[in-house]
Amino acid sequence: MDWALIGDIPAWRLEDNIVAGAETFYDLHYDGRPNALYPVEKSFFSFLSETFQDEDKKDMSDLDPLRRVHGVGSYSGIMDGLVSSETSFFRLDGIDSEEWFFTPRYNGGLGVKGDSGTWVFDDFGKVVGQIIAYNYSTHVTYFTRMDYLFEHIKHKTKATEVFFPHRGYLEKYQSNTIGEQIRLQIVEEVASRSDGVTDSGYGDSSSGTSKTGDTEITTPSQSSGMSMSFGKGDGGLGWDLRRSY
Amino acid sequence: MGTSQSQGKSASLRSLSDVAETLTNLNSSITSPNQSQSALRPTSAPRRSSAPSTAVSQRTATQAKQSRATLPTIHGAEERHSFPTQDSSSRDALYRYGSDGSRYINGALIMSPDRHKVLVLKSTNETSKSVYDLPRGYWQVNDDNGQAAAALREAWQKAGVIGKIIKGIEPAPAEEPDENGLADWHSYFEVEVEKERQKWPSSQQWQRIWLNYREARTKLSDQPDLIRALERSTIFKRGGSPESTLMSAILPGPPVRRISPPRKSREVEIPQQRTKKPRTSFPTRKYSVVSPVKDNVAVWRSDVLPWLRKNFSTVMGDNKNGAIELLRVRDQPTICITCTDPKALQLQEFENVVSGLFPMHVKPGILSRSATNQPKARSSEVSHDTSFEVVDVDGEEESGYIDASGSEAESALSDDEVDSDLPQRTFPLPPVFGKYQQRPSCGTPIGVADDEEGSGSAGTFGGVVILVEDGVETPYGLISHHVLEEKTDDTELGVGVDKGFLVDSKGEREFPIQQPSKMDIDESIDSLNMQWYYCQRDEKRFCDDDDGKTLRTKKAFVESLDPQMLNFGHVEYSSGYGLDMNRHQVNLDPVMLNTVA
Numbered sequence: 001m002d003w004a005l006i007g008d009i010p011a012w013r014l015e016d017n018i019v020a021g022a023e024t025f026y027d028l029h030y031d032g033r034p035n036a037l038y039p040v041e042k043s044f045f046s047f048l049s050e051t052f053q054d055e056d057k058k059d060m061s062d063l064d065p066l067r068r069v070h071g072v073g074s075y076s077g078i079m080d081g082l083v084s085s086e087t088s089f090f091r092l093d094g095i096d097s098e099e100w101f102f103t104p105r106y107n108g109g110l111g112v113k114g115d116s117g118t119w120v121f122d123d124f125g126k127v128v129g130q131i132i133a134y135n136y137s138t139h140v141t142y143f144t145r146m147d148y149l150f151e152h153i154k155h156k157t158k159a160t161e162v163f164f165p166h167r168g169y170l171e172k173y174q175s176n177t178i179g180e181q182i183r184l185q186i187v188e189e190v191a192s193r194s195d196g197v198t199d200s201g202y203g204d205s206s207s208g209t210s211k212t213g214d215t216e217i218t219t220p221s222q223s224s225g226m227s228m229s230f231g232k233g234d235g236g237l238g239w240d241l242r243r244s245y
Numbered sequence: 246m247g248t249s250q251s252q253g254k255s256a257s258l259r260s261l262s263d264v265a266e267t268l269t270n271l272n273s274s275i276t277s278p279n280q281s282q283s284a285l286r287p288t289s290a291p292r293r294s295s296a297p298s299t300a301v302s303q304r305t306a307t308q309a310k311q312s313r314a315t316l317p318t319i320h321g322a323e324e325r326h327s328f329p330t331q332d333s334s335s336r337d338a339l340y341r342y343g344s345d346g347s348r349y350i351n352g353a354l355i356m357s358p359d360r361h362k363v364l365v366l367k368s369t370n371e372t373s374k375s376v377y378d379l380p381r382g383y384w385q386v387n388d389d390n391g392q393a394a395a396a397l398r399e400a401w402q403k404a405g406v407i408g409k410i411i412k413g414i415e416p417a418p419a420e421e422p423d424e425n426g427l428a429d430w431h432s433y434f435e436v437e438v439e440k441e442r443q444k445w446p447s448s449q450q451w452q453r454i455w456l457n458y459r460e461a462r463t464k465l466s467d468q469p470d471l472i473r474a475l476e477r478s479t480i481f482k483r484g485g486s487p488e489s490t491l492m493s494a495i496l497p498g499p500p501v502r503r504i505s506p507p508r509k510s511r512e513v514e515i516p517q518q519r520t521k522k523p524r525t526s527f528p529t530r531k532y533s534v535v536s537p538v539k540d541n542v543a544v545w546r547s548d549v550l551p552w553l554r555k556n557f558s559t560v561m562g563d564n565k566n567g568a569i570e571l572l573r574v575r576d577q578p579t580i581c582i583t584c585t586d587p588k589a590l591q592l593q594e595f596e597n598v599v600s601g602l603f604p605m606h607v608k609p610g611i612l613s614r615s616a617t618n619q620p621k622a623r624s625s626e627v628s629h630d631t632s633f634e635v636v637d638v639d640g641e642e643e644s645g646y647i648d649a650s651g652s653e654a655e656s657a658l659s660d661d662e663v664d665s666d667l668p669q670r671t672f673p674l675p676p677v678f679g680k681y682q683q684r685p686s687c688g689t690p691i692g693v694a695d696d697e698e699g700s701g702s703a704g705t706f707g708g709v710v711i712l713v714e715d716g717v718e719t720p721y722g723l724i725s726h727h728v729l730e731e732k733t734d735d736t737e738l739g740v741g742v743d744k745g746f747l748v749d750s751k752g753e754r755e756f757p758i759q760q761p762s763k764m765d766i767d768e769s770i771d772s773l774n775m776q777w778y779y780c781q782r783d784e785k786r787f788c789d790d791d792d793g794k795t796l797r798t799k800k801a802f803v804e805s806l807d808p809q810m811l812n813f814g815h816v817e818y819s820s821g822y823g824l825d826m827n828r829h830q831v832n833l834d835p836v837m838l839n840t841v842a
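Which chain is which? The protein sequence lines are W and D, in order.
In this text, residue positions in the first sequence follow this note's numbering: the first is 1, and each later residue adds one.
In this text, residue positions in the second sequence follow this note's numbering: the first is 246, and each later residue adds one.
Note that these hints are calculated values from the structure, not bench results.
Please note: incorrect hints may appear among the correct ones.
Across the chosen pairs, the derived CB separations fall in these ranges [as the list claims (entries may be wrong)]:
#1 Lys158(W) - Thr559(D): 48 to 58 Å
#2 Val187(W) - Tyr778(D): 21 to 31 Å
#3 Asn774(D) - Ser46(W): 31 to 41 Å
#4 Lys751(D) - Lys158(W): 24 to 34 Å
#5 His155(W) - Asp735(D): 40 to 50 Å
#6 Asn774(D) - Ser192(W): 18 to 28 Å
#7 Val187(W) - Asp576(D): 20 to 30 Å
#8 Val187(W) - Gly716(D): 57 to 67 Å
#9 Pro358(D) - Gln181(W): 18 to 28 Å
#10 Asp563(D) - Arg167(W): 48 to 58 Å
#11 Leu66(W) - Asp735(D): 15 to 25 Å
#12 Leu184(W) - Asp563(D): 56 to 66 Å
Ideal Cβ placement from N, Cα and C applies to all residues, glycine included.
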C-alpha cells in the first residue's frame with residue numbers, strides 16, 4: 001500500500017476532481033469529472049475476468065472499452081492504456097505484492113517517474129486505481145486498486161467512510177477570499193517588476209549593462225494590461241493564475 | 246555538420262563558439278568519416294559503439310566490452326569516447342544541455358507538396374547500423390532563432406533542402422532513455438520544400454529518397470522517436486499496406502480480419518512470405534497485454550497464478566526489485582520476469598509448475614516507483630541495464646539492451662492513426678517545468694516542501710477524497726506515500742504518518758506539501774535565467790516576440806512565489822511501507838484476507 005492523505009489544504013486552493021484539458025477526450029463518456037458519490041468502481045475488475053468466461057466465441061480483445069484506462073500524469077500528461085486481465089506480481093525494495101497493471105499507449109508513457117499518485121480512470125470516467133510504479137523493461141505501469149486503497153485508508157485512519165466528492169460537493173469547504181487577495185497581490189507585484197520598463201525594450205533597467213540593439217526592436221503591441229496567461233510556445237511554462245481546467 | 250554554417254548566419258557572429266565548432270568539425274573529419282552521424286542520438290549505444298565503422302570505434306568498443314565484463318555495475322569509462330555522457334565536465338561545448346544533462350534534438354520532416362511523401366535520408370555508408378534517418382541533430386549553442394531554425398539548418402546540411410516550417414510537432418522525450426536514464430527532448434518540424442539543391446554539405450554521407458508514410462515507417466522502424474514524429478505529422482497516412490486497420494493499430498498481433506491463404510496452393514511462397522513479413526507488416530510494441538480470448542489465460546489462472554501467489558517471494562530470491570507478469574510477446578502469451586539480477590532467481594520449481602505451458606523471458610531491468618527523486622538514485626538504478634546478458638529460458642539469447650529498449654525492427658511502437666484524431670493539446674508541451682495552479686486538480690505536479698538542501702521529490706496529485714471521521718466529512722488530497730520518503734534499508738515498515746506526524750525511532754517528522762514542487766520551481770528558475778541571460782546578451786531568441794515582456798513577467802511571477810502561495814496543506818495520514826493489512830501483499834494469511842474482504 002502506498003498512499004498519503006494531504007489535510008488542511010488551503011480553502012482557496014481546493015478544487016473538484018477535474019481532469020485537466022480532457023474535455024474533448026472524455027466527451028463521449030462523461031463530463032470531465034468523476035461524477036458522483038461512486039464509492040469505487042469495483043465491477044471494473046470483476047469485468048476483466050467475467051468477460052473472459054462467456055467470450056470464447058466473439059473476439060472483444062481489440063479496442064475493448066472495458067480494458068481501456070486513462071490518466072493524467074504530471075509528467076506524461078493525459079494518456080490511455082490497456083489494462084491487463086491478469087494481475088502481476090512485483091517486488092519493490094524487497095516488498096512483494098500483487099498488483100494490476102496496464103500498458104500505456106507509448107513506451108515511456110503514463111506511469112514513468114513523476115507520475116506516481118496519478119489516478120487511473122476507466123473508459124467511463126470512474127476512478128479505478130492509483131499509479132505506483134513503472135517497469136522500464138516491459139513498459140507496463142502498475143497501479144493499486146482504488147477500493148483496496150480506500151479499505152486500507154479506513155483501516156489506518158479510523159474513518160468510517162471514504163468517497164469521492166461529486167461535482168460541487170467541495171463548495172462548502174472552498175473559499176476565495178485569500179486566494180483573490182493573494183492573486184491581486186501577485187499581479188501587482190509582477191506588474192511592478194516587469195511592466196514598468198516595457199518601453200525600454202527587453203533590457204531591464206535593473207541590469208545596466210544590456211544593449212538593446214535599437215534598430216531591431218519594435219514596440220510591443222500587446223503591452224496593454226496584465227495578461228497572466230502565457231500560452232504561446234513557452235516551452236511548458238504554463239504559469240496560470242486563472243482557474244485552470 | 247560538415248561545413249561551417251553559411252545559412253542565415255550573419256558575418257558578425259564570429260564568436261568563440263564558432264571557433265569551437267570549426268575545431269570540432271576538423272576533429273570529426275579526422276577521426277571518422279561517419280562522424281556526421283554522431284550528431285544524432287545513438288538509439289542504442291552498445292550497438293553503435295560496436296559498429297565496425299572505424300578502427301577507433303572498434304577499439305573503444307572492445308574496451309567498453311572488457312570493462313563491462315570486469316566491472317558490470319560501473320559504466321565503462323571507455324564508452325564515453327563513443328558517445329557523450331551527462332557529466333557536466335564532459336559536456337560538449339557545441340551543444341545545448343538541459344538542466345539534467347539531456348540534450349535537444351531538432352529534426353525536419355520534409356514533405357512533398359501534396360503531403361504524400363517524406364524525405365528520408367539513406368546513409369551511403371553500408372556498415373552503419375541505422376541506415377535510414379531523417380535530417381536531425383542536436384541543438385547547438387550557436388543555433389540562433391530557436392529550434393525551428395535549427396531544424397531548418399539540419400534540413401540544409403543533411404538533405405540539401407531549403408524550406409520553411411509549416412508546423413511544429415509536439416516535442417517529447419526520447420522514447421527510450423539512454424543508459425543514464427536521461428531522455429533527450431526530440432522536436433520535429435514539418436518543412437515545406439522551397440529549393441532542393443543538388444549539392445549540399447553532407448551529400449557524401451546521405452542520399453535522399455522520397456517515401457510514403459508506410460514505407461517511411463518501415464524504414465525508420467528501429468527509431469521510435471522518428472516514428473512518433475511521423476505519426477503526429479500531417480503526412481497522408483492512408484493507402485500503403487492494406488493491413489492498416491484501426492484495430493491492429495491499438496492491439497498488436499495479426500489483424501483480426503486477416504484471411505490466411507490456403508496453405509496447399511501457396512506452399513512455394515511460404516518461405517518468401519516469412520522473410521518478408523517483418524518488413525511489410527508494420528511494427529508493433531514488443532510487450533502487450535494478453536487477450537483472454539486468443540491466449541490461453543485459463544491455464545494461467547488455474548495452474549500458475551495460485552502457485553505464484555504463494556511462492557512469488559521464493560522465486561524472486563535475493564532480488565531487491567522484480568516483477569512477474571503475463572504479457573504477449575511475439576504473439577504469444579509469455580511469462581516475463583524482470584529483476585535486478587537474474588542469477589539470484591530461484592526458477593527451478595517455477596519452471597516445473599509452468600511446465601512448458603508458457604515461454605518464459607527473464608531479463609534484468611529497471612522497476613521503479615513513479616515518483617521523481619534525486620537524480621543520484623536514478624543513475625545507479627539505470628546502470629544495471631546494459632551490463633547483464635539476458636538468459637532466455639527458451640534457450641534463446643539476446644542482448645539485454647536490445648531487449649529492454651525494444652529497438653528491434655519488430656518492436657517499435659504501435660501504429661495509430663487514431664492518434665492523429667486526438668486534439669493536440671491533450672499532449673502537453675514538455676511538462677518538466679511544472680505548473681502553478683491556484684486550484685490544483687487531478688494530475689497536477691506536487692511535492693513535499695522540505696528545507697533540507699537537495700532533498701525533495703515530486704509526484705502527481707491524484708485528487709480529492711472525502712473521509713468521514715466521527716460523522717464529520719473532511720476533504721483530503723490523495724497522493725503516494727513514496728513521494729514523502731524513499732524506502733531505504735533503515736525505513737521502518739508499517740510506519741506511516743498519523744495525525745500529521747510520522748513517528749519512528751528517528752523522531753517525529755512532518756511533511757508539508759507544496760504545489761508546484763521545489764524541483765519544478767528550481768527547474769523553471771534555471772530555464773528562465775538561461776533565457777534571461779541570452780536576452781541580455783542581445784540574442785533575441787527568447788524575446789523577439791514581445792521584447793521579452795513575457796519572459797520578464799514569468800520571471801517576476803516565479804520570484805514572487807512565497808510559501809503562503811505554495812502551501813498546499815500537509816500530510817495528515819499515510820500508509821507507510823511494508824507489511825500491513827493489505828490484500829495485495831502476497832504471503833498473507835488467508836484468514837486475514839477474508840477479514841478485510
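Hints, one by one, checked against the model:
1. Lys158(W) - Thr559(D): 48 to 58 Å: 36 Å, violated
2. Val187(W) - Tyr778(D): 21 to 31 Å: 26 Å, holds
3. Asn774(D) - Ser46(W): 31 to 41 Å: For Asn774(D) and Ser46(W) the Cβ distance comes to about 53 Å; the hint is violated.
4. Lys751(D) - Lys158(W): 24 to 34 Å: 25 Å, holds
5. His155(W) - Asp735(D): 40 to 50 Å: 25 Å, violated
6. Asn774(D) - Ser192(W): 18 to 28 Å: 20 Å, holds
7. Val187(W) - Asp576(D): 20 to 30 Å: Distance hint for Val187(W), Asp576(D) is violated at roughly 58 Å.
8. Val187(W) - Gly716(D): 57 to 67 Å: With a Cβ separation near 41 Å, Val187(W) and Gly716(D) fall outside 57 to 67 Å, so the hint is violated.
9. Pro358(D) - Gln181(W): 18 to 28 Å: 56 Å, violated
10. Asp563(D) - Arg167(W): 48 to 58 Å: 50 Å, holds
11. Leu66(W) - Asp735(D): 15 to 25 Å: 43 Å, violated
12. Leu184(W) - Asp563(D): 56 to 66 Å: 59 Å, holds
The structure is inconsistent with the numbered hints 1, 3, 5, 7, 8, 9 and 11, although it conforms to all the rest.
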